[in-house]
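So the protein sequences, as listed, match chains A and B.
Taking the numbering used here, the leading residue of the first sequence gets 103, the next gets one more, and so forth.
Taking the numbering used here, the leading residue of the second sequence gets 103, the next gets one more, and so forth.
These aren't lab readings, by the way, just hints derived from the structure by calculation.
Hints are not guaranteed to be accurate.
Looking from chain B toward chain A, a few residues come up when the C-beta cut is under 8 Å (computed) [claimed, not checked]:
#, residue
1, Q285
2, G613
3, D653
4, V655
5, A684
Pairs of lysine to aspartate or glutamate residues, derived as EDC-like cross-links and limited to a Cα-Cα distance of at most 20 Å, are as follows [said to hold, decoys possible]:
#, chain 1, residue 1, chain 2, residue 2
6, B, K475, B, D122
7, B, K249, B, D340
8, B, K181, B, E152
9, A, K432, B, E152
10, A, K658, B, E694
11, B, K357, A, E524
12, B, K107, A, D695
13, A, K592, A, E607
14, A, K644, B, D691
15, B, K432, A, E694
16, A, K436, B, E694
17, A, K641, A, E119
18, A, K432, B, D691
19, B, K658, A, E507
20, A, K658, B, D612
21, A, K323, B, D612
Predicted, not measured: the structure shown is a model, and the values here were computed from it.
All C-beta atoms, glycine included, are put in the ideal place defined by N, C-alpha and C.
Here is how the chains run, residue by residue.
There are 2 protein chains.
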Amino acid sequence: MPVYKAPLRDFRFLLNEVFDAPRIYERSGFAEATPDVVDAILSEGAKFAENVVAPINQGGDEHGAHWEDGNVTTPPGWKQAWNAYREGQWGAIAASPEFGGQGLPESLELCFNEMVNAASVAWRGCSGLTLGAIHAIQAHGSDEQKKLYLPKLIDAEWSGTMCLTEPHAGSDVGIVSSTATPQADGTYAINGTKIFITYGEHDLTSNIVHLVLARLPGAPKGPKGISLFIVPKFLLDDSGNAGARNPVICSTIEKKMGIKGSPTCVLNFEDAKGYLIGPEHGGMACMFTMMNYARLDVAQHGLGQSERALQNAVAYTRERLQMLAPNGAKFPEKVADPIIVHADIRRMLLTMKSLNEGCRALTTYATLQLDLKHHKDEAERVRADGMLAFLTPIVKGFDTETANETTYWGVQSMGGHGYIRESGMEQFARDARITQIYEGTNTIQANDLLRRKVLGSKGALLELFLAEIDAVAAELSGDSDLAYQADALKAHRTEWAALSRDIAERSAKDGDEAAGAAFDYLMYSGYVALAFFWGRMSKVAKQSLGKSAQDDVFYKSKLQTARFYFERILPRTRTLAITLKAPASTLMDIAEDAFVF
Amino acid sequence: MPVYKAPLRDFRFLLNEVFDAPRIYERSGFAEATPDVVDAILSEGAKFAENVVAPINQGGDEHGAHWEDGNVTTPPGWKQAWNAYREGQWGAIAASPEFGGQGLPESLELCFNEMVNAASVAWRGCSGLTLGAIHAIQAHGSDEQKKLYLPKLIDAEWSGTMCLTEPHAGSDVGIVSSTATPQADGTYAINGTKIFITYGEHDLTSNIVHLVLARLPGAPKGPKGISLFIVPKFLLDDSGNAGARNPVICSTIEKKMGIKGSPTCVLNFEDAKGYLIGPEHGGMACMFTMMNYARLDVAQHGLGQSERALQNAVAYTRERLQMLAPNGAKFPEKVADPIIVHADIRRMLLTMKSLNEGCRALTTYATLQLDLKHHKDEAERVRADGMLAFLTPIVKGFDTETANETTYWGVQSMGGHGYIRESGMEQFARDARITQIYEGTNTIQANDLLRRKVLGSKGALLELFLAEIDAVAAELSGDSDLAYQADALKAHRTEWAALSRDIAERSAKDGDEAAGAAFDYLMYSGYVALAFFWGRMSKVAKQSLGKSAQDDVFYKSKLQTARFYFERILPRTRTLAITLKAPASTLMDIAEDAFVF
Chain A
103 MPVYKAPLRD FRFLLNEVFD APRIYERSGF AEATPDVVDA ILSEGAKFAE
153 NVVAPINQGG DEHGAHWEDG NVTTPPGWKQ AWNAYREGQW GAIAASPEFG
203 GQGLPESLEL CFNEMVNAAS VAWRGCSGLT LGAIHAIQAH GSDEQKKLYL
253 PKLIDAEWSG TMCLTEPHAG SDVGIVSSTA TPQADGTYAI NGTKIFITYG
303 EHDLTSNIVH LVLARLPGAP KGPKGISLFI VPKFLLDDSG NAGARNPVIC
353 STIEKKMGIK GSPTCVLNFE DAKGYLIGPE HGGMACMFTM MNYARLDVAQ
403 HGLGQSERAL QNAVAYTRER LQMLAPNGAK FPEKVADPII VHADIRRMLL
453 TMKSLNEGCR ALTTYATLQL DLKHHKDEAE RVRADGMLAF LTPIVKGFDT
503 ETANETTYWG VQSMGGHGYI RESGMEQFAR DARITQIYEG TNTIQANDLL
553 RRKVLGSKGA LLELFLAEID AVAAELSGDS DLAYQADALK AHRTEWAALS
603 RDIAERSAKD GDEAAGAAFD YLMYSGYVAL AFFWGRMSKV AKQSLGKSAQ
653 DDVFYKSKLQ TARFYFERIL PRTRTLAITL KAPASTLMDI AEDAFVF
Chain B
103 MPVYKAPLRD FRFLLNEVFD APRIYERSGF AEATPDVVDA ILSEGAKFAE
153 NVVAPINQGG DEHGAHWEDG NVTTPPGWKQ AWNAYREGQW GAIAASPEFG
203 GQGLPESLEL CFNEMVNAAS VAWRGCSGLT LGAIHAIQAH GSDEQKKLYL
253 PKLIDAEWSG TMCLTEPHAG SDVGIVSSTA TPQADGTYAI NGTKIFITYG
303 EHDLTSNIVH LVLARLPGAP KGPKGISLFI VPKFLLDDSG NAGARNPVIC
353 STIEKKMGIK GSPTCVLNFE DAKGYLIGPE HGGMACMFTM MNYARLDVAQ
403 HGLGQSERAL QNAVAYTRER LQMLAPNGAK FPEKVADPII VHADIRRMLL
453 TMKSLNEGCR ALTTYATLQL DLKHHKDEAE RVRADGMLAF LTPIVKGFDT
503 ETANETTYWG VQSMGGHGYI RESGMEQFAR DARITQIYEG TNTIQANDLL
553 RRKVLGSKGA LLELFLAEID AVAAELSGDS DLAYQADALK AHRTEWAALS
603 RDIAERSAKD GDEAAGAAFD YLMYSGYVAL AFFWGRMSKV AKQSLGKSAQ
653 DDVFYKSKLQ TARFYFERIL PRTRTLAITL KAPASTLMDI AEDAFVF
């Protein structure tokens, strides 16, 4: 059975030592989120992830979800874990106290999210999407809708979905063609087919609340003609409980590469009764409330699998004996050395570790912006809003691209055993592989970052982040041990700005220039962002050395991992800084029929 | 059903136009391999791959191989394809005519190999390993052994295996502990457990010829104490046919991430009768005959999946309509543009195309060295031997690392549909994922290249290749359109030599320096090698323009793809040139217990 131990020490380091979350919480209306409360929730959340969810993950992959006659059965143990989730009120952490939530910071909900996703992406799908639905209804629902749906969703008595994709409309959500026809009673008759609906049908809850994009009669073409509807699987009776079945039919579930325990449904809406949420034709804005949350969530799907891959790789490579170290046996009494002594295995492990811990810092920082949006100072709120808009595509895109890489090294570090299902490692790679795709492919993230956020703000959002780099670089440059980081950060911030200006100029004449540079720009941004966070972590680690022997192992490891990152990972920007300048013509000139002969 | 069309135009381009294979064949004792014969075999081989093997690949993944009571059943269609293979005598292409082979060039056998591997890696395993066994017996068997085994192996009446790995001995083959005890009749009693034995048991042939590494009594420790044995599943009766069952018991098969139609067996040798092949304690050399062949074979497992991923990505992205091109709709009459108009999709496709065609050139060039080892001039033979030794780890390592990348882009180009099994794309990724592991992980390849080949020859093998780069760079520099390639090649050959010297100096003091740089060195070598081959291809394509409109599409596409490679792929060496210089201490200093907290 693959191991999992929640990275509590790292969460505490980030929240308490690096980002001073207690101060953020205090000033953002989360006075109850004291360090003790936060710590208790993290510890209990870790137990839930380690003991309840992690053990069912491998069996869930073997059994998968099953469809029969419109009903879906989840794998063994799924329902028990759901009940434990409900019992622990794990869906209530950050929800509104008015409807049964605990009103704690969203960053805390998302620390829990990483742990549960590490334990099982496939299981987490149902509760993760339910949180998205809660967020959407909290933000856009009428008072009545909130009263009707939120308490049961927050309690996890019901679950939620996000119904966007149709067979012909994936990334291009603007062309969805499901229809909503107004009825005399003020409701809408929803018709259409939605695909790729995670937990669109299942046996974990007594009702499912679908949030569905559809078009009103005469709606404008494109994204400005889309509205959002609440479409419950069971219509609510007079006392607000699940009543008559609404015709939302699951006609099949997909066979997939991974997350096999998570049913991916085709849903047919056949005159299903729906309720408009938010304004007419205002569905895209409502959807983005869910989507932006889902993108942070998906980033943690990836990061969770990355962490688990690292832990299992370390466990294996410390045990597996093969070959002697090149400078002579380190364990002459054994038949061979444990492979963790070999430099190339260490390259794999440190690549994983430096990316994981860097991505965790990046992601935690982004989730803290969610909390800062409630800060008592308006300037802080505005700043957090911009920072979050800027960071979200980087977090989603970069955490998930690196998850593909780290789970690759996880499999590789185990040799043939990594390819065998029993080890569990290959499942991490397959389960992580969806994260670069769903909730906006990384092509979408890349275009969102470069075209919408950076160029769309005329560089203002980038400047917000560059200013933070400047501040940290200035601090680091005073420390001779860390000045190498300051130098790298200064060079990169200048280059990042210059590259952005260059693309802005080129793309003013030709939109393909930005589109052709977008993915490399996303990766460049991710590597520089991680360098920044490794700088921040290094500073704290350096200052904290010498307090206790046990902590010193941790802090020293941070400083060594930072050095690895700057020496062996950050140089990837040297390639990207070149490819970002390559003209789009190289991509666009080749004829469609000249790719394959 | 996923598409596959054998890349015959590209094979012809490489063999006839770029590498002048007809001349190589003529001078290396393959007078019968005239362009017509070669072309007929390629065309017929393409039909076999496309029509017989490709159609059973997806079903093979769904059904998998099944074990029961020591017997293994292959998936539906497997046996019919095997019979067709036998009927077409596809295993005889390059085998010795003395034993029923056709005596044609090995490069031709390996062109066929890429096509069959593209069609189905899982199915090809059995015949691919049989070729390895044929090579080993041809090279090391006694006359009697050749007479007994070769005709039936070449005819594909029987199959062969390579039994190296044991539960405790994978990369470290030197510590295998299976034993061979001499018997009064001159045979040996073989005892031990072998794992990860591809097609160690199956229902395709009437006998299986295992080639098994084991230790004689009193053999020296380590790789110098290993001998190779022929251990048939059925002992041969007096007329050389399969007779009494030899106790080689398949106790189970593995559940794997991919190549599910290929049974990966645990084999228990329980006093099985074996016959020594080659000298006592000389097993490692015999094994390397098989292994070096298997490494080229595995490279083509990867390349085949890469090619198939590209073809299916192109087919999908030309059909799938999503979003408008940034400069305005290219197909205003459609609901959206086909996604192949989008720059980021083209980046994916051109990454795949430039790596695939580059790897095919590299691999074909390497396989031609197999033929050149029979050249009438000794100097040519010696040169080919050195070139092949140098290129083999690059071909295996680089073709398979890029296969991981290209199948990644294949899945990504299809969005959510790439993750669904029906599309077939995710299978290519899973089936390709073993190639970075088996027949020597890419860590082993990297160390073989840097430590054994480059440092071990004091740079002589590298110089052999650098001299070829110099010659091509000189030719290219005279063409103003291709001078950019010449410049890049010159800069890289100089840098490659300098980096190699730098590592040699560092590793003279500390073995970890080479081990820590080895993987990045392998990748650097691969990228520069591909630049060289893109240079060669560009030169030919440029010269050939204007002959016919249809050919011009092909040649123009080569020149455009080359430009993409130099602008957007080759710059990856900018990162590697830095990380190659990073000290090993960054890898080695971190304590074993400081990777995870």
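Restraint status (C-alpha distance of B:K475 to B:D122 at most 20 Å): Since the Cα atoms of B:K475 and B:D122 sit roughly 16 Å apart, the hinted pair holds (cutoff 20 Å).
Proposed proximity, A:E507 with B:K658 (alpha carbon, max 20 Å): Violated, at about 34 Å.
20 Å limit on alpha-carbon distance, applied to hinted pair A:K436 and B:E694: holds, 17 Å
Restraint check for A:K658 with B:D612, where alpha carbons must lie at most 20 Å apart: At roughly 24 Å apart (the allowed maximum being 20 Å), B:D612 and A:K658 break the hint.
A:K432 paired with B:D691 [C-alpha distance capped at 20 Å]: With Cα atoms ~14 Å apart, A:K432 and B:D691 stay inside 20 Å; holds.
Satisfaction of hint between B:D340 and B:K249, Cα-Cα up to 20 Å: holds, 13 Å
Holds or violated: B:K107 to A:D695, with C-alpha atoms at most 20 Å apart: holds, 14 Å
B:K432 paired with A:E694 [C-alpha distance capped at 20 Å]: holds, 12 Å
Satisfaction of hint between B:E152 and A:K432, Cα-Cα up to 20 Å: violated, 52 Å
Interface hint compliance - B:D653 to chain A, C-beta minimum distance less than 8 Å: violated, 10 Å
Hint validity - B:G613 Cβ closer than 8 Å to any chain A Cβ: holds, 3 Å
Agreement of A:K641 and A:E119 with the hint, judged by alpha carbon distance not exceeding 20 Å: holds, 10 Å
In this structure, the hints that do not hold are numbers 1, 3, 9, 13, 19, 20, 21, in rising order.
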